[in-house]
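Trainee: Sequence:
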Amino acid sequence: MKNIDNIIRQYNEKKIDLIQVLHNIQNEYNYLPKDVLEYVSKALHIPLSKIYSIATFYAAFSLVPRGKHLCTVCMGTACHVRGAPAVLSRIEERLNIKSGETTPDNRFTLETVNCLGACALA
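Numbering (the UniProt record's numbering), first residue to last: 1 to 122.
For the record, the hints were derived by calculation from the structure and aren't laboratory data. Glycine residues also receive a C-beta, built at the ideal position from the N, C-alpha and C atoms. It cannot be assumed that every hint is accurate.
Result set (SDA-like, lysine to any residue): computed pairs, CA atoms no more than 20 Å apart in a straight line [claimed, not checked]:
1) K42 - L18
2) K2 - Q26
3) K98 - K2
4) K68 - L44
5) K98 - M75
6) K98 - S62
7) K50 - K68
8) K50 - G67
9) K98 - G67
10) K98 - G117
11) K2 - S41
Pairwise CB distance ranges (calculated) [said to hold, decoys possible]:
12) I54 - E93: 32 to 38 Å
13) Q10 - K34: 19 to 25 Å
14) L121 - I54: 38 to 44 Å
15) H45 - T112: 26 to 32 Å
16) G100 - M1: 28 to 34 Å
17) K98 - K34: 22 to 28 Å
18) E93 - Y52: 33 to 39 Å
19) K98 - E28: 24 to 30 Å
20) L48 - T77: 16 to 22 Å
21) C119 - Y39: 38 to 44 Å
22) Y29 - G100: 17 to 23 Å
23) T77 - K42: 25 to 31 Å
Taking the hints into account, I'd like the entire structure generated from these sequences.
Mentor: What follows is the structure, given as structure tokens:
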């Protein structure tokens, strides 16, 4: 947990920086491991339930391992009309996984979102 201690120290062990601490942990592991969240809870004196509420509120965080590369397909209205389902289907075929899954070699995770805010690019 030495690398976790370094992350926590980087933010001067301030509770207010919890989201940034979680981002750094996710960058390190590609997800938020349970044992690491328990360690952060004790180190920052924050209830584990509060950490989980933050980790599950933000879509950027994952409690399960993700692949090295995250493939996100927008399924919002504009993208849907412009062919997003076909794009998703092709990626699923190519990677041999469904949305929400990770390839066995942990290289790719495929996810869908309702909107990326780039509708003009659809």
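Trainee: What hint numbers does the structure not satisfy?
Mentor: Numbers 3, 4, 7, 8, 10, 14, 15, 20 and 23, in rising order.
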